[in-house]
Structure formats: C-alpha cells, structure tokens
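> Below, each chain spelled out in residue letters.
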Amino acid sequence: MRKLRNSLPIRVGAWLLFLVMVSGAAFFGLQCVRGIQYQGADDARETGVFSQMVEEREQQVLELLSCQLRLKDNTLDYVARQTCQERLEQLGEQLDPGQTNFRYQVLSADGSQVLLGNLEEQSGLEALVSQIYYLRLSASGVSQMALESEVIPEFSAVETEEALIYSTPAAGAAEEMVVLHCGVLKPEQMEAQDEFLSLEQEFARCQKNFAFYLTLALSFAAAAAGLLFFLLWASGHRPEGEAAVLVWPDRIFTEVWTLLLAGGTALLLVLLTEYENRWIWAAYQADSGQLDTLCIAGTAAITGWALLAAIFLRTVTVRLKVRALARTTLLCRVVSFLWRRFSVFFQELPLTWKTLLCFLLYLAAIFAADHLWPFRYWYPLPGAVVNLAVLMGLCWWSAGFGRVRKGTEIIAAGNLNHQIETAHLPADLRGHAEVLNNISDGLAASVNEQMKSERFKAELITNVSHDLKTPLTSIINYVDLLKATDQTDPRAQSYIEVLDRKSLRLKKLTEDLVEASKASTGVLAVNREKIGMAQLLDQALGEYEEKLEEKHLTVVRTVPEGESYVYADGRHLWRVIDNLLSNCAKYALEGTRVYIELVRGKGSVSLSVKNISREALNVPPERLMERFVRGEESRSTEGSGLGLSIARSLTELQGGTFELAVDGDLFKAVVTLPQSS
Amino acid sequence: MHTILICDDDRDIVSALDIYLASEGYRTLKAYNGLEAIQAVERNEVHLILMDIMMPELDGIRATARLREGSNIPIILLTAKSEDADKILGLNIGADDYITKPFNPLEVIARVKSQLRRYTSLGGAEKGPGLLTVGPIAMDDGAKQVTVDGEPVALTPIEYNILRLLMTHPGQVFSSAQIYEQVWNDPAYGSENTVAVHIRHLREKIEIDPADPRYLKVVWGLGYKMEKGGL
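Line by line, the protein sequences give chains A and B.
Going by numbering that gives the first Met the number 0, the first sequence opens with residue 0, and the numbers climb by one from there.
Going by numbering that gives the first Met the number 0, the second sequence opens with residue 0, and the numbers climb by one from there.
The hints are simulated quantities; they were obtained by calculation from the structure and are not laboratory data.
Where a beta carbon is used, it is the ideal one built from N, C-alpha and C, also for glycine.
There may be inaccurate statements among the hints.
[Said to hold, decoys possible] Pairs of lysine to aspartate or glutamate, DMTMM-like flavour, derived with a Cα cap of 25 angstroms:
{"no.": "1", "chain 1": "A", "residue 1": "K507", "chain 2": "B", "residue 2": "E106"}
{"no.": "2", "chain 1": "B", "residue 1": "K224", "chain 2": "A", "residue 2": "E545"}
{"no.": "3", "chain 1": "A", "residue 1": "K529", "chain 2": "A", "residue 2": "E545"}
{"no.": "4", "chain 1": "B", "residue 1": "K204", "chain 2": "A", "residue 2": "D577"}
{"no.": "5", "chain 1": "A", "residue 1": "K482", "chain 2": "B", "residue 2": "D9"}
{"no.": "6", "chain 1": "B", "residue 1": "K216", "chain 2": "A", "residue 2": "E528"}
{"no.": "7", "chain 1": "A", "residue 1": "K482", "chain 2": "B", "residue 2": "D11"}
{"no.": "8", "chain 1": "A", "residue 1": "K585", "chain 2": "B", "residue 2": "D9"}
{"no.": "9", "chain 1": "A", "residue 1": "K507", "chain 2": "A", "residue 2": "E458"}
{"no.": "10", "chain 1": "A", "residue 1": "K529", "chain 2": "A", "residue 2": "E562"}
{"no.": "11", "chain 1": "B", "residue 1": "K224", "chain 2": "A", "residue 2": "D568"}
{"no.": "12", "chain 1": "A", "residue 1": "K506", "chain 2": "B", "residue 2": "E56"}
{"no.": "13", "chain 1": "B", "residue 1": "K112", "chain 2": "A", "residue 2": "D479"}
[Said to hold, decoys possible] Stretches of chain B that chain A covers, calculated by requiring three or more beta carbons in the stretch to come under 8 angstroms of a beta carbon on chain A:
{"no.": "14", "region": "6 to 16"}
{"no.": "15", "region": "207 to 220"}
From just these sequences and the hints, can you work out the full model?
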C-alpha cells in the first residue's frame, strides 16, 4: 500500500481517474436534475410543464381571438390596425396544424357555429386529442385582454367534472359568449416538431433512465470521494522517502490558493445564476438540445471547480502533514518577520530602556483601555485584562528569576555540574542563566583538572617514596652488616658510625618528606570523630615523659575541669602533638619549663605549647612553618625541619588552625580545633 | 633448622636478609619474583616466607593469595608501601605480618622468630583454666606469668594488672581514667599521664616495635585497647 502511495504513475492515474469520476458524477447528477421534475408522473400530460404549455397555447388562441375582434372595430387607427394584422398572421402561423400538435376550436356560445379552429376536418376533436380543455369566455373580456396585451387577466378557474372553465371576473351574463375547445394530439399522432413532441421525447428519456442515472451519479460521486481520500493520503510523499515533503505548489502562499478557490467558487456561483435561468427556460420548453448543451457545460464547470478544490485540499493536507500550514501563509510570514525585527530591536536595547519601553507600553495600554472602550457598560473590563496580563508577565519574570537564583545558589554550594534549565525563561534571564551555566562548566572543568593533578601528586608521592625507600633499605642493612664485620682500623669504625647515623637520619627525613607532601596536598584520608583532647594530651605526655625528663624539662599542664571534646582525626592529631612535643625535646633549653595549656573557647578548643628555645630564634614564626626551616641556621641538630610544616598541614586538614608566635626566646604554638557537640 | 624463603626483586636486599637469617641459623631460599617464590615453595619444604609486594611477573599480594590456596606457611610482607590500605589488603589476603621498608634487621629477625614459634611449636597451645591469649601473648593468671611467643616477660604488678584488664576485654577501649580506677582502685583525680607511661612501658615489653604496636594499641584521644585476636 505504501509502495502504491509513493508511486508517481499511480498518483497521476488517480488524479485522472478522479477527474473522470467527478465529471461522470456531475454529468449524471445533472441528468437526474433534468429528470426530477417528471418524477411521480406516469405520462407527459400529467406534468406541470405540459399544463403550462397548453395554457400558453390557449393564450395564443385568446390573443388571436382578440385580434380578430379588434380588427372589427372601425375606430382603430392605421398603425394599430397594421400591428394587429401582423400579430394575427404571426399567431395564425404558430397555430397552424403543420407547426403544432395543439388543436383548438372556438365555438359560439351555443356551440352551433365554429368561429375559429385549426382542425383539418370539421369533426372529431374528441377523436384526435387525448383530453379536451374547455374555456368559456365573454367577448368583451377577450377584447379587453387583448387591448392590454401585456396584462394577463386574472382568471378565476372553476373546475367542472371534465374541464376547466375560465371566465373573466367582470363578465356580465348578458354579454356575448364564446367557447374554446382545445387539446393536444395523442403522442402517436404527433407530427409537427413542436414543444409537445419535444416534451414527449424528453419525458420518455428522463423518466425511463432516472433511476439508472441516479445510481451512476452516486457511484461516480462515491468513487470520486474515495479517490480524493487516497490522493490526500498519498499527498506529499515521494517515491524515495517516507516522510511527507513540500513541493512547489505547497510553497505558494496558502492565501494564493485560498483566493484562487474563492475566485473559482464565485465564478461558479455567477455562472450558476445565468445557468439556472437558461436551464429553467430550456426545461420549460423541454428543449432537449439546449438541455444537453447545458448539461455538458455544467459538467465542465463542476469538474473544473472540483479539480481546483481538490488541489487546494491536497496542498492544505500536505502542509498539515509537515506542520507547515501556518508558516506557509503570507500573513504568518509577514507577522513573524515584523515580530522578529521588533524583538531583535527590543533585545538589543539596554535593560533600562527595555523597562522604560515596557512601562510606556503599559501606560498606553491603560490609556487605551480607559478611553477607547466603545461601550458604556463593562468599562473596567479592558483595564482588568491589561493589568492581569501585566501581572502574569511579572509572575513569569519573577518565577524565572527565582529559578535562576536557586540554580546560582546550588552552583555556589559546590554542585558545579548543575545546569540551570533555560527553557521558557525571559530572554534577558535566559542569557544570564546561560552565562552562569558556562561559568559552572568552566569551574567544573578546572576543578576536574585540579583533582586530576591531586591524584597525579598522590601517585607521584607514592612512587617516589617507594623508589627512595628501596635503596635506603639496602643502605641501612649493609651499614648494619658492616658494623658487625671486624674492622682493625679504628678510623673505619668511626666512619661506619657516621654512615649508620646518617643513614638513619636519611630514613627519618624520607618518612617526614613523604608525610609532609601527603599532608600538604590533602592526599591523606581524614576520619574525624569525637576526640577527648585531655585524654589525648595525657597519652602524648605519657609517651614523651622520659624524653622530656632526659632534657630536664618540667611540664606545666593546665587543663580545664572535665573533658574537652574536639572533632578531629585522633591519629593525625597525635602526629601534631607528637611533633610539638618532639620539638620541645629537641630545641627547648634544658632545665626550663614547658607550659601546656588547654583552653575551651566558643565552639573551639585550643591547645598551646610554650617553651624557651635553646638557640636564639632569629627567624619569624611564618618562616618556621615553611618546610626545611629550623630555628638555627647551622642545621646540625637532628630533625628534618618538616615537623612544624607537617603539624600545620595536618591541623588544617582537620579543619583547625595552627599558629606560631615567637617572643624573644619564648616559642609558642597554638592548635585550635572545632569543638565537638 | 627452618627454611625461610626470601622473595624480593632487589637482589641486594635479598642477600642482606640472607646474611642476617643465616647468621641466626636459618636455611634460606631466594626468589626474585612471585612466580619463582611459588615454584620454590612447591619444590622445597619452606617454613616461612618473607615477601616483597612490588615485584615483576607476579606481585606479592597475588603470590600470597595463590600460596594461601593450598598452604598455611607464615608469610611476612616486606613493603615500601606504608599506606594503611596496603597493609590491610595484605593482611586480608592472608599474610601473617608486615614490615615496612626501610626496616630494622633486628625487627625482621624478631618477627621471623615470633611467626616461626607460633607456626611450629605453639600451633595448638592447650588452653588451661585461667589462661588468656591474644595473638602471641599468653597470660597464666594462676602463675601470674605472661609469655610472648612462649618467651616469659617480666612485668611489674601494675603493668600486669593493666594487661590483665585489657586482655580480659579484648577490643574494648578503656580511657586512662577507667584504667586508673580499676587498677589502682582509686578515683582517677590527678592521675594525669601515669597510665600512659605504664602502658608505654608495657608496650615496650610485649611488642616487637613499640612505636607501631600490633596488639596493645593506642586509640588517640579515647584510650587504649587490646586488639581482638591480634595479628
């Protein structure tokens, strides 16, 4: 079926067949119209047309009669007499038995005398005609009628058993009366080519074939409708493609087609008026030839119009199929062009001007609503409509603004992948939202980049630490083995000792370096929980008790009543305190006191460690926290110079702050951590 | 005489370990990657394996997993990977202990001895009444004696009481104050770091590496606990 639909020859064939069907339907339809007036009659004589024809002939006889009466009047002037004479001859010719199948006799009132007639033989009107019509007339009535020949006298018909008897209303009983007997020859005896014979033939043809014609007309119409449906269904499809496409007639503006169809229809209607007159006249005359011509002309006109209508329907269907009905109209094009121009102009205006323009438009609309309303009642209605529209516009704008603001908040909260939905936003907000989306895209990309580099850093640290540790293992082990060998030279012994010390120092340095890198790059995992700071301090001091005692350092510990809980990672926090205490053990002046104080602040807990430095601290505290910086420049003491840097990084990893202060030889470190609820 | 398989891709480390272990009287076998280690175990009677993690062909983790399919030889991982995640992975896959590089040779020897003792002689130490064990640590409450890998350890009464408290509740964390109250039978007021110092001493006696304890663990900021089951 689809193949059938898309095939070009099939469709051309369908169009031709459609034309044939439409013309067939029109032709046979007209034939039916031609025959419909004869429906219900068994005989041509029973039809209205026949009675009219008889009446016409009767009128001719009456006119003939009145002409004769007038010629008897001697007072008539020459011109009138001449006219009358001519008319008389004309009528005589028309009523000649060779010219017509109408037969008549005008008898005197008593019926004894034949005044006029067109019977070839005196006897037998009854024998010739199928039905006799009677008419009693007064002579004066006849003459008066003839005098005012344009005016058809009002006859009052009196129906008797066998005949219709006409009498003029004003006829006096005393006046001279005549009687008209007339009739039409029986069909088999008709010889003259007049309207009665024509009617007989027409009746015979149309009456007999009416049902056949009707059937044909309906079948053709049904076939035409079916074909039209197929054509509409197939319209727009190409042999090569599935979807409907526009072809050149569909690119012509819809208005042009509409105008064409309207013009065609108007032409058809005008023609129809003229056509109807001719048709009625021809039908009145039962003029077969004329009717045939009219039928063909009508068929042609209807077919033409149907073709135009079908083409119109086809193009509309195609446009509907490709959803292009609106945009192929000229009106739509013009309106959309103007709208585009206007909106471009409007969009390019600065926002302030836009607002101003909108406000002016609003004022104009309100003014128009107030003053141009043509009705006296309902006057608040247009104003309300304008205000409602403005309200809806404002709601639209603020809803859009709300959406953009919410999206911005989400992006600001860190969800950089969030995209603000820009559909149905006012143009200005849409631009704004798009810019925000771009920013979030850029940010997300840069954060991704940063994460990638963090991962790279973590990998690097792991690899470097592995690569450093493996040879270091060998160094330490072989130095250790070397120690166990017999060295006769005492210098060798001291050299080995140096190697031993330095290799262990290198080990410590390597470990610190890796730890410092991890802490400062944030590669370390942090598991924060509720930690008792006083407990941790006790544990740490327990670990360091002997080391501090060795240096004769006294710890002065100030801890508030009860436990101070912080939210931190216990192991990292231990490393911080470990570093601070090991600093004390390494750098504090022997025999001094170390002050350790725990202070509960608002939402935070601070731990401060104060000690007197053995060496003069000639570097600012900020420098002390830098990597590889120690209080003294000689670098002769143990330690890597990484301790404070590690402590600071670890504290910051746990969301705390690490501060150093140097006052003369007084060294003070303060670790502040968020309090746990 | 026990046979120990040393497996590391760094030949110097292997020969250094070989020297240390040989001087302790162990017979050694050498392998330089995981595959060689597996072959060596198949061909010889091996009592313990020292295995590096990062090796070509077959790494230590995979080799351990394969060996564990058909053997329960003690395996000690020697690793430069000091991340917790690496240690946990190694232990979960079936290793018995781990030593991070650069290592102290004495620690290696200590751990090797410990593992061998548990593998050979203490495999099915009978549990008498009042005998508490956590890993290699065994406490005979009747005799008031504590042994680590069968070696008796001398503890002070306070250390003994702390250890008993922790060993009777393995896995439970005790704060310093709780320990003080239970061991000294005094309110904890002013105890300060007494408990911490005792625990450190205790750790030095029962742990091979007191700075990285396997059994008596410090839970920083919360207290102390005895690892449940240990390593």
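> Hint by hint, say whether it matches the structure.
Going through the hints against the structure:
1. A:K507 / B:E106: Holds. A:K507 to B:E106 sits at ~17 angstroms (cutoff 25 angstroms).
2. B:K224 / A:E545: holds (22 angstroms)
3. A:K529 / A:E545: violated (29 angstroms)
4. B:K204 / A:D577: Holds, at about 22 angstroms.
5. A:K482 / B:D9: Distance of about 22 angstroms is within 25 angstroms: holds.
6. B:K216 / A:E528: Status holds; Cα separation ~18 angstroms.
7. A:K482 / B:D11: Roughly 17 angstroms between the alpha carbons, so the hint for A:K482 and B:D11 holds.
8. A:K585 / B:D9: Status violated; Cα separation ~36 angstroms.
9. A:K507 / A:E458: The given pair, whose Cα atoms are some 21 angstroms apart, holds under the 25 angstroms limit.
10. A:K529 / A:E562: OK: A:K529 and A:E562 at ~11 angstroms, within 25 angstroms.
11. B:K224 / A:D568: holds (17 angstroms)
12. A:K506 / B:E56: violated (29 angstroms)
13. B:K112 / A:D479: Holds - the C-alpha atoms of A:D479 and B:K112 are around 20 angstroms apart, at most 25 angstroms.
14. 6 to 16: holds (count 5)
15. 207 to 220: With 4 residues closer than 8 angstroms to chain A, the region 207 to 220 of chain B meets the three-residue bar; holds.
Consistency note: the structure conflicts with the earlier hints numbered 3, 8, 12.
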